[in-house]
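Engineer: Sequence:
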Amino acid sequence: MGGSLSACCGPSRDSAAGPVESAVEITARRPAPAGAPRGMVRIPGGTFLMGGDDPDGRPEDAEGPVREVRVDAFLIDPTCVTNAQFATFVKETGYVTEAERIGWSFVFRQFAAAGVMEATVPGAPWWAGVEGATWRAPEGPGSTAGDRQNHPVVHVSWNDATAYAAWAGKRLPTEAEWEMAARGGLERRRYPWGDELAPKGRQRCNIWQGHFPSAPSKGTMPVKSFQPNGYGLYNVAGNVWEWTADWWGTRWEPFAGNPAGPEQGEAKVIRGGSYLCHDSYCNRYRVAARTSNTPDSSTGHTGFRCAALI
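Read in order, the letters of the sequence shown correspond to residues 550 to 859 in our numbering.
Quick caveat, the hints were computed from the structure, so don't treat them as lab data. All C-beta atoms, glycine included, are put in the ideal place defined by N, C-alpha and C. Treat the hints with care, since some could be wrong.
In silico BS3-like links for lysine-lysine, alpha-carbon gap of 30 angstroms or less [stated by the list, open to error]:
1. LYS640 x LYS749
2. LYS749 x LYS773
3. LYS749 x LYS767
4. LYS640 x LYS767
Label-pair restraints from in silico Cβ distances [as the list claims (entries may be wrong)]:
5. LYS640 x ALA662: 48 to 54 angstroms
6. SER763 x TRP716: 17 to 23 angstroms
7. GLN776 x TRP801: 28 to 34 angstroms
8. THR669 x ASN699: 23 to 29 angstroms
9. LYS640 x TYR830: 48 to 54 angstroms
10. PRO803 x ALA662: 47 to 53 angstroms
11. GLY806 x GLU667: 48 to 54 angstroms
12. ASP828 x ARG650: 34 to 40 angstroms
13. ASP696 x GLU609: 26 to 32 angstroms
14. ALA809 x ARG607: 22 to 28 angstroms
15. ASP744 x ARG587: 30 to 36 angstroms
16. LEU858 x ASN699: 26 to 32 angstroms
17. TRP716 x PRO803: 36 to 42 angstroms
Put together the whole structure using the sequences plus the hints.
Structural biologist: Shown next, in the form of structure tokens:
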């Protein structure tokens, strides 16, 4: 196994995207059937200022320039998909994730007790490929998600997330939809709740606490941890990275309507940051921050939430 790093936040498998993706993506874009929007949040259509000019942003991430983007009204889940929800999908369909089929996935090395493979991720020694790490066994052999039913499902690739969304009659949000929803109606703010990371000293998201990577981490938290943003979305900063529908791109139009990213590419956009983010090396829990990973990659800090057409 080889490991490579996508913008320091998401270790990726060294493999090319398979031909199944285009067909799956088309299926995932169909309108939601009657009943599918139950429990989803309606995001009003309109124009918003997407991107950021934060001095902490990295040029290669192309967060800016700030630009006007128009998005039609859509629906989005208030939380990431949970282990319990994903288990229902697997039970009803017999679906096997890519991590299960390939036999390994990336785990934060501090968590890995068994199955660690002889491999390193350049620039990120805190990651380890672990045999047997899956959504059912997030830390590898001997671990279980049984007591984390309301935590976000992890070790799911983009392909896995898209398969779930299609089964649910939904789809993954575009990057523009994700950011519009994550902002919660606030304009040009650093975080979903404002510009201060911990207003009045109160923690508002699940990111790394203490010196990275030596301090102990608790990993994921329940999907409804902390106060939701102005639209009622939980944990759009920290906890787990979230897959979006878009291929990774770094060129922007000054104004765009319902942008959906490049027509093709090698990596998919992920947004929101995770419990491993820390301002000493990765502060991509800011609402404008972005990075990517290959569609077949899976890690212990990446999940997803679904969207749907109205």
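Engineer: Each hint should be assessed against the structure and marked as holding or not.
Structural biologist: Going down the list of hints, with the structure as the test:
Distance check on the hinted pair: LYS640 and LYS749 sit about 44 angstroms apart at the alpha-carbon level, beyond 30 angstroms; violated. A hinted pair counts as satisfied when its Cα atoms are at most 30 angstroms apart, and LYS749 with LYS773 qualifies at roughly 21 angstroms. For the hint linking LYS749 to LYS767, the alpha-carbon distance of about 23 angstroms falls within 30 angstroms, and the restraint holds. With a CA separation close to 28 angstroms, the supplied pair LYS640 and LYS767 stays within the 30 angstroms bound.
Taking the beta carbon of each, LYS640 and ALA662 are about 28 angstroms apart, not inside 48 to 54 angstroms as hinted. For the pair SER763 and TRP716, the supplied restraint of 17 to 23 angstroms is violated, since their beta-carbon distance comes to about 41 angstroms. At about 31 angstroms, the beta-carbon gap between GLN776 and TRP801 stays in the expected band of 28 to 34 angstroms. In this structure the supplied range 23 to 29 angstroms is violated for THR669 paired with ASN699, their Cβ-Cβ distance being about 33 angstroms.
Against the hinted window of 48 to 54 angstroms, the Cβ-Cβ separation of LYS640 and TYR830 comes to about 39 angstroms, which falls outside the hint. For the hinted restraint 47 to 53 angstroms between PRO803 and ALA662, the CB-CB distance of approximately 51 angstroms keeps it satisfied. In this structure, GLY806 and GLU667 meet the distance hint of 48 to 54 angstroms, their C-beta atoms being roughly 49 angstroms apart. The hinted window of 34 to 40 angstroms between ASP828 and ARG650 holds, with their beta carbons roughly 36 angstroms apart.
Range check, ASP696 to GLU609: about 39 angstroms between beta-carbon atoms, so the 26 to 32 angstroms window is missed. The given range of 22 to 28 angstroms is respected by ALA809 and ARG607, whose C-beta atoms sit roughly 24 angstroms from each other. About 35 angstroms separates the C-beta atoms of ASP744 and ARG587, a value consistent with the hinted range of 30 to 36 angstroms. The hinted range of 26 to 32 angstroms is satisfied by LEU858 and ASN699, whose Cβ atoms lie roughly 27 angstroms apart.
At roughly 38 angstroms, the beta carbons of TRP716 and PRO803 sit within the given window of 36 to 42 angstroms.
Going down the numbered hints, you'll see the structure goes against 1, 5, 6, 8, 9 and 13, while the others check out.
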